[in-house]
Every structure is written in structure tokens, then in C-alpha cells.
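Student: Produce the entire structure from the sequences given, and follow the hints as far as they go.
One line per chain: the protein sequences are H, B, F and E, in this order.
For the first sequence, the numbering used here assigns the number 1 to the initial residue and increments by one for each residue that follows.
For the second sequence, the numbering used here assigns the number 302 to the initial residue and increments by one for each residue that follows.
For the third sequence, the numbering used here assigns the number 913 to the initial residue and increments by one for each residue that follows.
For the fourth sequence, the numbering used here assigns the number 1124 to the initial residue and increments by one for each residue that follows.
If you're looking for bench data, these hints aren't it; they were derived computationally from the structure.
Glycine included, C-beta positions come from ideal geometry on N, C-alpha and C.
Possibly wrong hints are sitting among the right ones.
Some but not every residue of chain B turned toward chain E, in silico, with C-beta under 7 Å [said to hold, decoys possible]:
#, residue
1, LEU403
2, VAL407
3, ILE747
4, GLN887
5, ILE898
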Amino acid sequence: MIILQIILFILIAPLLSGLITVIKNYLRMRKGQSILQPYYNLVKFFYKDEVISETASWIFRVAPFIVFSSALVASMLVPVFIFNRPILPVGDFIALVFIFTLGRFFLALAALDTGSSFGGMGSSREMFIASFVEPALCMVIFAISLQFGSTDITAFSGLHPITVSSVVAALALFLLVIAETSRIPIDNQETHLELTMVHEAMVLEYSGRSLALIELAAYLKQMIFFFLIAQLIFPIGLPLGNFVQVFLWSLWFIARIAVIAIAVAVVEVNLAKLRLFRVADFLGFAFVLGIIAVVCSILGA
Amino acid sequence: MLNLLIERFFLFDPLALFFLVVIFIISLPSFIYSFSYLKGEYPAFKIFSAQILLFVFVLSMAFVVSVSNCLVFLIFWEIMSLVSYFLVVFDTNNERSIKAGLVYIVMTHIGTAFIIAAFMILYNHAHSFDFIAIKNACSVMPQRTKDIVFLLFLIGFGTKAGIVPLHIWLPYAHPQAPSHISSIMSGVMIKTAIYGIIRFVIFILGINTSWWGILVLILATITSLVGIIYALMERDIKRLLAYSSVENIGIILSGVGLAMYFISLNLSYLAVFSLIAGLYHLINHAIFKGLLFLCAGSVYKATGTRDMEKLGGLIKKMPHTAVYFLLGAMAISALPPLNGFVSEWLTLQAFFLGAFNAIGGSKIFLGICAAMLALTSGLAVACFVKAFGIIFLAKPRSHYAESAKEAALPMRIGMLILAVFTVIFGLAAALVIKSLSGVSSSALGIDISNMSFFLNSLRFAPQIAKNTYLSTPLLALLLVLFSVIGFVIYRVFGNRRAVIYKTWDCGYYKLGPRNEYTATAFSKPFRIAFSFFLLPYRKTQKIRESFYHIKSFTYETHTTKVFKKYIYNPLFAFMLKLAKSMRKMQPGSIHLYLGYIFITLVLLIIFMERF
Amino acid sequence: MQGIILFLLLASTYLMIIAKRVPALIRGFRYQSFFLFLATFIAAFKENQVELYVVSVMIILVKVILIPYFLDLTVKKINVDENLGLFVNSQLSLALAPVFTYYSWVLSVNLGFGQGTLQSAAVAVAFSVISIGAFLMVSRMKAFTQVVGILIMENGIFLFASSVSGGMPFFAEIAIFFDVFISAVIMGIFVFRINKLFTHIDVNKLSRLKG
Amino acid sequence: MVMFIILGIPLLLAAGAFFIKRERLFGMINCFGYFLVLCASIFIFKEAVSTGNIKALANFIYLDILSAVFILVISVVAFAAALYSIAYISKDIKENIISRRKAGFYYLLFNLFCFSMFCVPAVNNLGMLWVAIEMTTLISAFLVGFYNSKESVEAAWKYIIICSVGIAFALLGTILFSYAFSISGLSKSLNWSDMMPVAHVLDKNILKIAFIFVLVGYGTKAGLAPMHTWLPDAHSQAIAPISALLSGVLLKTAVYAILRFGIILIKSGEMAYFTHLMILFGVISLAISSGFILIQKDLKRLLAYSSIEHIGIIAIGFGLGSPLAIGGAILHIFNHAVTKSLMFFGAGNIVSAYKKHNMNSIRGVIKALPFTGILMLLGMFALTGFPPFSIFISEIMIITAAFAKGSYIIAFLMLFFLSVIFGAFIFYFGKMFFGNLPKGMEKSGEPLSGKFAFLFLFILICGLGAVMVFKYKDLLWIAQRLLQG
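Tutor: This is the structure in C-alpha cells:
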């Protein structure tokens, strides 16, 4: 059951990113790439040969595996299919955040390792953004867990009434997800312009198979966050009895993720990229949203 | 008849034993480390005296932690600061270490003056200096004196621990001492101050008002934030580590503050739980900070400089030290499998559980403190990415870095021991928590027979919160498993070997060490974001060959030390001004001196009735 | 009878206040010691204690003859210009003298000596002699006045001792005389040394040791 | 009996100073003599503690515990000074700062000075007490002005004038005491032993005024605050062994004199009056000395001001009056005498090696004079009250007594001034002792006998620290007995 979930997760993740690019192109009235483009990229990367810089040390080689494994472990913690208990009782929401930090830590180090200023710039900006995401994320976790009495992820995976505080928390989480998965207002995925890229700058030196692994990890992370937001806004109500319910359930699952993807795409198209030092205010806004969520949950809204 | 005599000399309760363990875990590797560290630079006599001083230093700390009489505690407390002063001023011919020693010893002495005052007030009520006698007397003490004694203890031990307004000596003193000494000082000596707070405030004074806990929490949060922001801006490795010790003291104190807050609300389970978090972070910090200082020491010995901007690419020349520093950096930034993550998780969990069970306003207060703690850990990750990346990765930036060679064997053994400890304390978290629950229950005086802190040897979970688990061994296993899977995928699909080639240099200019990101550059976004606090100074200058052609561009920036500039310097200047005005009292003329005598006589006679 | 002597003693002290030159000062000191001798002699005569007679003889011997002779000797040897270098000119200091006397009279009254008028008068005169001696030391520049100032204060204390409790135990009295003489000699030697080193005996300029 | 040995030997040595020309030999005899005096004083101290007070020579000499303690202190410091002056004088002669004849003159004065100091605690009659203190002033004036340079003569002049004025007031106080005594219709003798039992009957008002004069008079001699102005000049200009004797012991004899009168005052029921006055002067001297120490430039003046500070602490100790405080004050008298003489010996070595008093130009003492450097650095920590040494214990006793008495302000003031003074000390000594040698300086040897003096004193500092922690019980008993006189 666990292996099934992992494989399914790995398969669906790139689809989500493809979906977002398709929606963006549709909104921009352009033909754009097919929805399966991320899969083609991954396959292409796996068969291209890899170039590694001579100044890089063993960290550069090990980093992709750690980033990939941290993303996978994170996906283990999130009860996508078996929703009343986590697959493995290994950690809770806070552990999830720290596991992502582990991946980011090694990615930043690998970026610094190559000795090019792009890598340094990328890792410095990534760290800057990440360190401002953390308090906001912690506030969101606090708001959510206040309702359910514990910071366990499965706590809010079951059926639960939609309250104002969970909606506000979801909104704050949405802003944070934009920052985490390097979407437009914070960081531009598609560009190679030094001034704007953050995540891309870190990954610039990678090629071939290790780049594939890192891209896959990024997709997984994106998938997890989208699932969390979806979980907050549209709680699942269906029991997993027989085959029909499973089919209905998976349809419902994809629909929710799609809604989030559309929202992200709309945001990406309409907003321009923020100046790096405005990011602090952007995430400050998310933090304040978190506090509002907490206040609502205290007042019992 | 006032008895100053010492009925009971030692008090070996679990709290003292725990601190003894902390002291010896760090001093042993540092002692091994010191053999080769001192060999090159100092004459034989000095090395011998350094070893003796080290021995006396560790012994005095052991006594401080285990003694049960205030007077003897005071004696060993001051011997500890005296010996550490000699160690800070160890290489006597550079001016900075003398100034550092001066600032250090004066601050600790002022702190001790506060502690003496607190002991005396306690002595007044208990008529004995023994801890147990004082503890019994404290129950009957009026609340007002208890508050005064608490504040005196807080200031006294705060100076030694490095709580924010009193922390200025720490970034001076720790870098100047020889590295194995600063690892003990940073790892263990400031912890004796935390021992003092726990022993005297929680154990002896007893807590029955909640504002104590809140005050400690606020101070702890500010300390950790200020500590990490300054650590981010640092270029000197050991000063960076010293500031990060200030930050970690903040985290430990938030654990202790939470415990004090919960006792006053008599949520006994939570109090024990948060004290466990505090103590756990205390021993973790002792271990990985000791490890980091030892690595910084071996980097300093290999390259001869502590300035990060001049280092780089050391991972190729010093692989062992690099691995140990990486382990230390991962532990301090609370990355999952290692011990920093466990204690940070516990502290955050303590905050959240506290918020669930607390009422109204304090929910938000605890939430915000938790968020600040998260911000601190985020900044800590950034700080140690910068530290590790700039020192060890990419190309060496100066001849110092090129001439580096791996540390000698004893140094590596010292570092290895501490590295192994970080891993052990990370994985065997459940067992450590079991023993810590004993320690904290004895400190708080709460029996924990009916409380359970852990499920089984692998996983631990707070009893109150429904099914929130954490099992670091399993996490580590999964991480390793999946990275192996990733490696298998990597090996299976790809068929050709990787090609080694130059880093991407946009195709036309040769990449040199000058292109690499420097420490100042790395911390520039943070400097801008926190400019309201750091008040950065920035000067750029273009040196022009002619109007159009710029030959070179100089960029100079530094941050102002707010506390030093706005609190300590004016205070010191005022004292000197007062003293100078007093100097005019003795201008040298004998007539004036005779005048003094006659005036005092006349005044005494006139005001005779007043006496 | 004793009232007149006390008055004369006070007059001699006033004489010394207005003195501008060293010989006048020494002459004033000689008169004062002489009147002190008379006062103790009459006190001894009234209570016919043998010790007081010996003490008065000592006063004559030490204070009237030996010390002034020694002081003149040093003045001759130093032969520096003999004005006293007054901070406070003599008219003002003369005006101050009665203020001192009045306050010392106030002090002696509320000190509880008010019974016999003679005794309180003697105490008042003693205190005023002491305070004027102190004023001299503070207000004159030359080192000499400080030596003479101390001797005047000693005279005041002796007057106080003899007028109050009929003097101290005999043995202590003699030892104190001996000490006063020794201190006068030593101060003379030091004045001589200062003159040799500094070529002037203006104590006001002696201010190399500051702070 | 034993007391005659103590008084006799200095006189004998003073006489001897005329005949024996070679000063090194005489130095040996001198220090052997003082060794005998030391043993005698220990014997007397034991006897005084066991049998209470000792009378001799038709109660002209009267020894009780208080005077026995002071005699012990004086003999310890005198012995150390004698030991140290052998080396110091021979060094001065080698650098022909003083001629051989002057060395003889030095030893004469040294012995007379010690003799007069030994008289002070021994004598019973308060008039004779005054005479003895006047004698110490006169003799030490010559010793202060020994080098015959401009500064030392100026210092000597100020010393002699201010002190004789002070002592004149003390004489006035003594006369007032005897007047109060004679008014109450008893015999006129000024002997302390007869005044003690009858003290409670004396008229209070006169006693209070008398004590003011005595306090100001002997206070000038003891260096209490507003009257301390002569002390920094005199102690910084005197020869090293002499300035050690001056600040180590001479100030204490004046405190002894104040105590004698103080006990009578306490006996007559004016305890609060005595406490307020002593604490007032103690706190003022602490304040002023801490101010001056902060901005001091001259090494010896720094040590002189620290003597004022410690005298202030002793005054507060006696002022508080509880047995713990008085025990602390007595211990402090002994500790300070020993530590301060060590520091002055060290300062003597430094100044003679560097030829400069100014602290800013003295660097790297640890390199130039390793033995003196280490001992003096530890002495500095002892002086500012760091635990393993004994001053910490006496200061803690006084502070505990202050807290026990409930006078919090005084205790906090004391703690504050002590830390300010510690800060200033560590600032100056840190700069002086560490750092590298100024150009043209090299490691100069230190005389052997000087080393013995250092070691002797240092063992006392540490030894006392350890001993007092355990044997503090009978120190309290002594303090209790002392209160009854």
C-alpha cells in the first residue's frame, strides 16, 4: 500500500506542474506546451549525460539524492490516500517543515559549491525567503492545530467543519506555497535572467540525471503543499469502501488539486515579480494572516 | 549565632548529575583536542600552564554544579570566571585578547555582585547558606522579596549566560580564547548560568507568579533573535559561533521560561515536558557548539586566519574537518535526523501544547514566541549555510586557504567523538528523554509516575496531544532508504559517466575565486531586511581612471553594535566624566587640604544631633 | 585677674593675625606663650598643685625661649624675603577674628561649660585661639605660617587643657611638651629643606603631586 | 617579659644601625631581629586570647585582644618589610641612588618607626597613645622625604603638616574625654583600663563631641575620606618597603586609636551614634577612592587610593557593630595589611625596573619580571576580593553583616564601589602586565630576598583564605570578647 502511494505520487506530481503551465498559456491565449511536457523533460534529462564542475566537491554529487529523499519522506508523512492515519507514524507537521529545510539546506550548499556567483546568489536569496517563510508557516500550523488540539497532519485530513480560521489559514498557506514553490510574485521558474531567478539559480549547475531528481523533488514538494491547502478548504467526506467509491474519491481528489492549480496560475499570470526586499513584506502579510487565523480560532469562529 | 559553617558540602541530585555529564562530555574531547592544537604556537611552559588551567577550569565548573552551600558556590563560581579570564587572555601579546579579557571579567564580576546580593537577602530569611535550608525558608518568604531575589538572580546569571542586554562580553571573550577552551566556555560555562537559574529560581525560590515565566520568555525570544541576526552579519568564524551561542541560550531559556510559566499555572505535565525540552537543547547545544568550535579551531590552526572572506575550498584540503563542521552545522540548524532537530521540535511542541491548554491572551503570546523561534531557526539555517559554504566550498579565496592542510590526529579524534555524540543524541532521543524526565521532575519537584513521555524505545510523543509522534530513528532510516532508491534510479537509467568540466561562466570570461559569493554578500539581503535594527553603514567609492573608465570600485559596509553604542559606551563615559570631575578635588594645594579638615570638623559639630 | 590674662592672650593672637612679616609673627607667638604661662601659673597658684608649677616652668622654657629662638635661627638662615604672602589681606582677617571668637564662645556655651563664667570664658578663648591658628595656616602662603599656625593651635589646646580639667596627668603633659618641641624642630628642618630645593618657601607653589 | 622583647629589639637594632657599616650584613641582622619579634607577637597573641588582658610596668603597658591583634599585624608586615628592604636598599646603592651612609640612616629610621608603631597598641594611657602616634608621624615624615627629590619633600611636608593638624584635634578630643571623665568625679588618670569599667557613667554630650574630634583627628591619620589628601602623595613618594609599612600598618594604628575611644563610646550607650559616624566616613572614603582609582595614572598612587578604599571597608565593618562585622573587620585588617604590602613590594620592583611611575608606559611586566608579575597579578585579584584569597572572605562577612543588619543601601553601595574598583584595577593591571615589552627593556633579574618576602606574604594570603573558612568560629568569639573590651 505504501509503495503504491509513493509511485502514484511520483507519477501525478509532474502532471500538476504541466497542468499549471497549460492553464497559464490558455489564459495568455497562447498555444503553449502539452500537459505532459514535464514528463518529457524528465525522460530527456535521464538520457542526457551529466556535466559536473571541477571545483564541486562530494556535496554537489550527494545533494540531489538528499533533496529527492527528503521530498519523498515528506510525501510519506502526508496521508493522501489513507486519510485517517499517516502511512508511517514518523513525524507531524513541524517535522514536515524541518524535512523540507533539510532538502533546502543541501541544495543551497550544492549551489555554493560550484563557485559561480549564480549559485551564491540563488542560495542567499533562497535562504532569505525561506527564513521568512518559517515564522509564517509556524503561525499557520499553530492556527490549524489550535482547532484540532495537536499538530498531527492526519488530524485535519478527516471530515471537519469549514471554519473561518481554517479558510484564512488556507489563504496564508497559499501565499506561503507561492514562496515555497518559487511561483511568480516571489521567484520566476521559467526565466534564466540572473536578477529574477532564485530556485533556478541554485539548480543552474546541475545537468542530466541529478537535475531530473531535483526537478522531481520540486514537483513532489509542490504536490504536497497543494494537497495541504486543498485539504484545508475542501475536506473529504467519502468512505473508501468499494471500487466505485475509490474512483469517485480519486476524481474528487484531482478536482480539488486542479482548483488550487488554477488559482496559482491565475496569480502567476496577473502579478509581476516582486523586488527581493519586498518579499519580506509579502511574507509579513502572510504572517499577519496567520495571526488573524489564530485569533479567529480562539474566538471560536 | 550566625552560622557560616558548611553542613552539607555536596548535593548530588539528578539536576547536578545531569550537568556533570554535560561538563564531562565536552571537556573530554576538548582535552584530547588541546594536545595538538597548542603544540605549534606556544612555548612548552605555556602549554603546560594551559593544561593546568584547563583542568582547574573543568574542576571548578564541576564543583559549581554539585555544591550545596551558597558561599562555596560563590567561591567556585568566581574561581571559574578567574581561571577562564586567564584562559581568555592566554596569548598575551595581542591587544584584542587583553581587551576581551577585561570586558569579560568586569561583566562577570558585576553579575556576581548581583548574585552575592541575592544570596545575602536569602541568608537574611534562612539564616543559613545551605540550599535545602533556604528552600524551606523560601516557602514562607514574602512575595515582594521573592520578586527582588528573582530579578537579582536573573541579572546575575543573565550576565554569565549572555541574555541580550548583558551579552556584549560573549562575542569578545569566546573568540580570543584558544579554540578548545572557547568550545568548553561556549558549550558548558554559559550552561552553568542556566544551571544557576534552574537551581535557584525554580528549585529553591519556587514559582507562584506567572510574570516570572513571561519575563524569561520575552528575554529568551529577544536574545535568540538578536543573537542570530548578529551571527548572520559576522565574518569571523569564532565570533559567529559565539553569537550563535547567544541565540541557543535564548532557545534553552525559552524552554526554561515555559516551564516556569506552566508551573505558575500548575499544568504540571507541560512544565516537566518544556523543562525536558530546555535541558535537551542544553546538552545538544553543548555538543554541537563544542564540535563547531573545535572545527573552527582546526581551520584556524590550518590557515592561520579566522576571517571567512579569506577562506574557501577547504573541503578538498581538510575533508575530515569539513564533514565534522557539516554535521555540526546540520545539527545546529535543526535538520531532521540529528539532535538539534529533536530539541527544537520538543521546544516548538512545548509552545504549541502550552498554547492549546492556556487561556485567551497567552495563546497568542505563546504562538508569537513559537513563530519567533521558527524565524530564529530559519535564520540559523541561513547562517550556517553561509558559514559552511563560504569556508569549505568552492575555490580558496586567498593564500591562507590554499596552504591549509588537514588537522592532526588528536584534533580529529576530539571532533569525531563529538560528531558521534550528535548522531547518538539525535537517534536515541527516546532514551535521553526518559532520563531527562527524571532530572526535570526532580528540579520541579513534580512526581511523574503517572505521566508517560514516550511510546517505546524508538518513538516519543507527548501524552496530552492525540497521536503526534516523532521517531528520529525511523526518519533517518527512511531518509537513507530513499536516497539509496534515488541513487539506484540515478545508476540504472543513466549509462554514461559524468563529464568534469569548468563551471558555467556565460561562455567568455574565466571564473576566478573573485567571482564567488562572499560572506558579506551572502548576508546582504538580511542586512537590508533587518536594517531597522542593524543600522548598516555603507560606503561605495569609484576609483576612476578617466571620466568614463572606472578602474576599481570599493564597497565598505559594517553594522553598528547597537547595545554597545547606545547602552554601554554612554554609561562608561558618564562614569569617567564623574571620576574626572572628582579629580579636581585634589589639586595639590595644601591650603585646600587643611580647609577640608576644618570644614569636616565644623560640619560634624553643627550636624552632631543628626547622628 | 585671670580675665585680664585671657584678654591679653586673645589680644596677642589678634596681633598675629594682622602680622605681615615673619618676625612680627614670631614675636606675637612669644607674647601668647608668655600669657599662657601666666594663666597656668595663676591656675597652679589657685589649686596649688606642684605639677602645674612644673608645667608652667616648662611652658616658659620651651614655648617662650627655645622654640621662638629656633624659629628666628631658621628665618636668619633662610633669609628669603620675609613677607608672609597673604591670601586674605590683614584688614579682612582682622575683621574675621571676632567672628571666630563669637562662634567659639557659642560652641563653648552649648558644650556645657556655662557654669562658672571664668571657665567658659577660658574655653571660649582657647577655642578662638585654635580657630585663628587654623585660619592662619589656611590663609597664608608661606610655609612658615603653617609651622607657627600649628604651634598656636597647640597653645590653644594647652590653654583648654589647663582651664578645663586642671591639665592632664603629669607624665602625659611632659611627653606632649616634648613632642611639640620635636615637631617644631622637624618642621623647621623641612622648611629649610624646601628652601634648599625650591629656593622659595611658598607652599602654594608646591603642587606637583596632583590627582 | 615578652612585651619588652617586642619593644626592645627595634631600639637595639636602631642603635645598631649606627655602628654596622655594611648594610647587607645589617639587613640580615635586622630581619632576624624582626623574626624574633614576630615569634614574640604570636606568643603574645596566644596569651592574650587565652588569658584576656595583660598588664605590665604598673599598668603603663596594657595589652588586650585588640592590641594583641594589632601587634601581630605590625610584626608580620615589619618582618616582610625588613626582608624586602635588604634587597631593595642594596639595589638602590648599586644604582647609587642613595649613599652607603644614607642606608644606615634608613635602617635607623626604619627601626625607630617600628618601635613607635609597636608602642601605640601597647600603651595604656590615652595621652601616651597620642604621643606614640605623634612620634610615628614625625619619624615617617623623614622616611617619606627620604629621597630628597622635589616631589618627596613636598609629599613629606604635606604629610607632616596635615597629620600634625589632625593629631592636634585628636589631642583636643583626648582632653575632652579626660574632662568628661573628671566631671564624673572619678580619679583623673587617663588609663584606658580604668576608663573602661566606668564608661557608662560618663556624660553623654561631651563624649559625643569628644568622639567627633577624635574621629576627625585620628581619621586624618587613618586616611578616612575627606581628610585623606596627604595619603596618595606620601605613599607614592616613600620607598617601597616604607610605603608598604605606611599603608599596611600605620593607617591601622590610627584605626586602633579610633577604636579605643569608640569602645568607650559604645560602653557609654552611644552605639547608634558610633555606627552612623563610622559608616558615613567608611562609605565616603569608598566613594572617593573608587572615583580616584578610575582615573589614576601613577601605579603607587593607585595602590594608595586602594588603601583608602580598604580603610573605608574596615570602618564600615567596625561601624556595623555586630560580632560578624567586627570579626570581618579584624580579619580584613590583617588581610589588607598582608596583601597591600605584597602589592607595594611588587610596585617597588616594577618602578625600579621601569624607572617610571606612569602606568601607560609600563608594559609586559610578566615578561620583564616574571616572578613579581605573576605574584602581583594574583595579589591584584586578591586585593579586589576574588575567592581563593582571604580578602573575599572578610568582605563577604562584612556584607553579610550589613544585610543581616538590614542596611541594604550600604551593602549595595559597597558591592557597587567594589565592582567599580575591580573594573579599574583589571583595566590598568591587564594593560600593564600583558602585552609586549617596550623597546630597550629586557628581562631584569629580581633579588632573591625580595622573592622570599613575596612568597612569605603570598602564602599568608592564600593560607588565611583557606584557614578562615573553617576556623571562623573563634574569630567570632574574639570579636565578641573585643566588644566587652
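Student: All hints are to be evaluated individually against the structure, with a verdict given for each.
Tutor: Structure-based check of all given hints:
1. Interface hint status for LEU403 of chain B: upheld, as the beta-carbon distance to the closest one in chain E is roughly 5 Å, under 7 Å.
2. Hint status for VAL407 of chain B relative to chain E: holds, with the closest Cβ pair at about 4 Å, below 7 Å.
3. Checking ILE747 of chain B against chain E by beta carbon gives a least distance of about 32 Å; that is not within 7 Å, so the hint is violated.
4. For GLN887 of chain B, the interface hint holds, since its Cβ comes within 7 Å of a Cβ in chain E; the closest pair sits about 6 Å apart.
5. The beta carbon of ILE898 of chain B comes within 5 Å of a beta carbon in chain E, closer than 7 Å, and the hint placing it at the interface holds.
Violation of the numbered hints given earlier is confined to hint 3; every other hint is satisfied by the structure.
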